[in-house]
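**Q** Each chain, written out:
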Amino acid sequence: MRFGVVVFPGSNCDEDAYHAAKDLFGQDAEYLWHKDTDLKGADVLILPGGFAHGDYLRTGAMARFAPIMGPVRTFADRGGPVLGICNGFQILLESGLLPGAMLRNRGLKYRCEHVCLRVEQTDTPFTAAAVQGQVLRIPIGHGEGNYFAPPDMLQQIETSRQVVLRYTNPAGQLDEDWNPNGSVHAIAGLCNAARNVVGMMPHPERACETLLGGTDGRLIFDSVINSFRGSLALHP
Amino acid sequence: MIDPGVLERHGLKPDEYEQIVQFMGREPNLTELGIFSVMWSEHCSYKSSRLYLKTLPTEGPQVLQGPGENAGAVDIGEGLAAIFKIESHNHPSFIEPYQGAATGVGGIIRDIFTMGARPIALLNSLRFGSLDAPGTRRLLEGVVAGIAGYGNSIGIPTVGGEIVFEPSYAGNPLVNVFCLGIAKASDIIKGVASGVGNAVYYVGAKTGRDGIHGATMASAEFDEKSAEKRPAVQVGDPFMEKLLLEACLEVMKTDALIGIQDMGAAGLTCSTTEMGSRGGAGVEIDVSLVPQRETGMTPYEIMLSESQERMLLVAKKGREAEVERIFEKWDLHAVRIGHVTSDGMLRVKDHGRIVAEIPNRALTDEAPLYRRPMSEPEYLGDAQKLDLSALSDSDLARRLQPSEPADPNALLLALLASPTIGSKRWVYRQYDHMVRTNTINLPGMGAGVVRIKGTDRALALSVDGNGRYCYLDPYRGAMLAVAEASRNVACAGARPLGATNCLNFGNPERPAIMWQLARAVAGIGAACRALGVPITGGNVSLYNETDGSAIYPTPTIGVVGLLEHADRVVGRRFRRAGDVIVLLGEGRGELGGSEYLKVVHSLVRGVPPALDLGAERALQALLAVLADERLVRSAHDCSDGGLAVTLAESCFDAAGLGAEISIEGVRVSPDDRLNVAAALFGESASRVLVSVVPDAVTTVLERAAAAGVPARVAGQTGGHRLRMAVSGRIVVDLSVDEAERAWATAIERYFAKRVA
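Residue numbers (our numbering), protein chains in the order written: chain F, 1 to 236; chain A, 1 to 756.
Where hints are given, some of them may not hold.
Computed cross-link-like contacts, EDC-like style, restricted to lysine to aspartate or glutamate with a CA-CA straight-line distance of at most 16 Å [as the list claims (entries may be wrong)]:
1. K109/F / E322/A
2. K253/A / E322/A
3. K329/A / D36/F
Keep in mind the hints are simulated off the structure, nothing from the lab. These figures come from a predicted structure and were not determined experimentally.
From just these sequences and the hints, can you work out the full model?
**A** Dropping the structure here:
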């Protein structure tokens, strides 16, 4: 499977995502420069973490206008799997590929630490290898991860089962003390209505090696790699 | 035109001006005077410290680059080099904490990538006044947010550091920032200009009026008017620096570059002069070509501006287009502002008209060098006296438990809740410490440890200092700082390779301060020599005084150590119940300068703990062996708060896992309660608590005996209580949860209070 990792000038988790795909999972990987319009034959796209254009304005507000985002949108519209991690999630929101917006963290401080996530949906390409209700321990690192959507949009999101990951306590229960940023409905990850585009604030690429203190993030990569193998089997 | 008032505003003394006139053979114009003033400032010229710095050990088979370049470098095997340096940004951080700290981070990162290295880790060493003093929380919040704002955005993890709270720093906080990068040993790039006619390029942010005379500001004391110096602090733009970082590293991969240097203190002046001087050449520039953010800037302002995120580079003839193309890719303009000459002069033109012309040597090698008068400080004789028999626990009894005598449980809880000892989680969770996916020892787990991708190796990093020890004995205090930084690295299982130092002192024109500086440098030298960790670079920050009162003399030491096998890293936490706890080293109940005396008796007195450098070296070598043979599951050194705090910290962040140890008593006083306190909280050096799988205990004791390190089984892990016996009597018996709560909220509670 070929991973395409989009690189904005201020991306800083691009190498981490590339390292995970290529060195840890043995897949093909290509960097996709923001000024280009060629997806280089990628089978899955990752919009990595970072501060795409410094994000002095609003996270991801400028990245949505990057030339690469045209082909990204076309790829997504055709059902290609797209994962936005952290800043990548923020960019997907700004681009309208996912609904809602990000506010500054409750407490107004950047937070970097491990959090617990409950997998809510397993019918996305990035969670297919999980069991519903499974609790993952994966780190976050962000200052603007306080997810917000107006009530009617939120209801729509919940009704159509678009919440993929929620912040919980280690037992997998909703608990505001374990919601690191104040996200509404403790939303940590979200998919689009077609379920092929997923955004998540936590960093799965930081939790793929025992040496780094945890491997729960592997599940996200395993899911998409397995889904791809499955689709090849179906449509060789 | 140049009268005494002008000289004073430039921080130049009349005799220094005489020297300038001699070098020039004429009176300098104002632009030239400005250039001299920044290059001859303490900050750039090291005029008070240079003679002493020359005595430091800087060589070793592993050293690839010693002091004199933008950063030092050591060989870490497999053709790679670790490039690192520590630098202060104390003065700007006091005036404007967020931007001061942020630009400190930006500056040290530039020093590292300028050498051709990819920066992969940041650490910091911070000192503030006490947390309940007015203003401290604002400074702490601002500095931490500034470090976070810059480091997080550019994507370099902050993996460790230290924070100390002490009234001595109330009017003059210390912000020392350390950065580490990795380069191919064969590809290290230097800050040289050579090859007559080669183009000199300017790249990065435009030049504004910010930071003019920053270097001069950092070379003066503070008074009530310091807030007026705010315009001398620069504003950081981490996104611009990210672009510069990536573009410069890409340019460096080609061989189109002769040399490169960042514009830090003294901006364009320092970079043009130093690059020319190192290359034995001259540099000629025209300031009208320099990209400017404001209109009507004079040559004086352009030369002295300290606007951030700017680089100066020299390209090979014929390769200019290649260089320009790479910067274009990153939306940066590389602008040709001049060329290399053969005459050893710094020549500045404005629209072709010469506005300054100074021999490089006058600005660098020939800058003033002072052997300033020194004398032992008057306070010292009295401060070193510590009469333990005069101490009672009444101080603590009053503060902690008015009705009953203080028991060791209460003392330990009080120490754990001291912000200097307590958990720094409130701080480090604001730093992205995991980006780049290399961090294998997270902050709070001992030395910061980052693995080197593409190899099995890892580097352990620690920055340490102890101003209180240095105040009481700068020679011994500085040795202890080197020993602690190096020991922390050894506890992680690494072999220390090299060190960088940041010397934070008061006004060197006062003989007592100069004495502290000279003694501390001698102490650093002695310890570095004995422990085999050469100094590869660093920074000196003097004039850390406000209204005539100086900070404690505070050398901070950053040590880099190598683990050949990343997966053999050792952390501070106990891992499993039933492991055996072994104490390496011996306690002598030394309370001089201790956190116990400070917290419990409000005393800063006595002499710091003795340090036997031979014993320390043996201990550190043993730790590397124990880690390499996978004989220990945790290792944590004894420092602030002594053995009791070490044991408690070994239990924290480990799901409430408890431990019990028994240690021998000491006799330091007729009061037995004080003897118990000395055994628990004394800060004798060269001690480490390790936990060992029961099967391996015999081997560990054998290895220790072979290394000549005293070692004894002290107890074991298990249960959920923290118990310590002294001379066979249980004196500490606390639930781990209670102890951990006191420790975990040590800093947070000061901020919670404010909200309520």
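**Q** Give me the numbers of the hints this structure contradicts, sorted from smallest to largest.
**A** Result: hint 1 breaks, nothing else.
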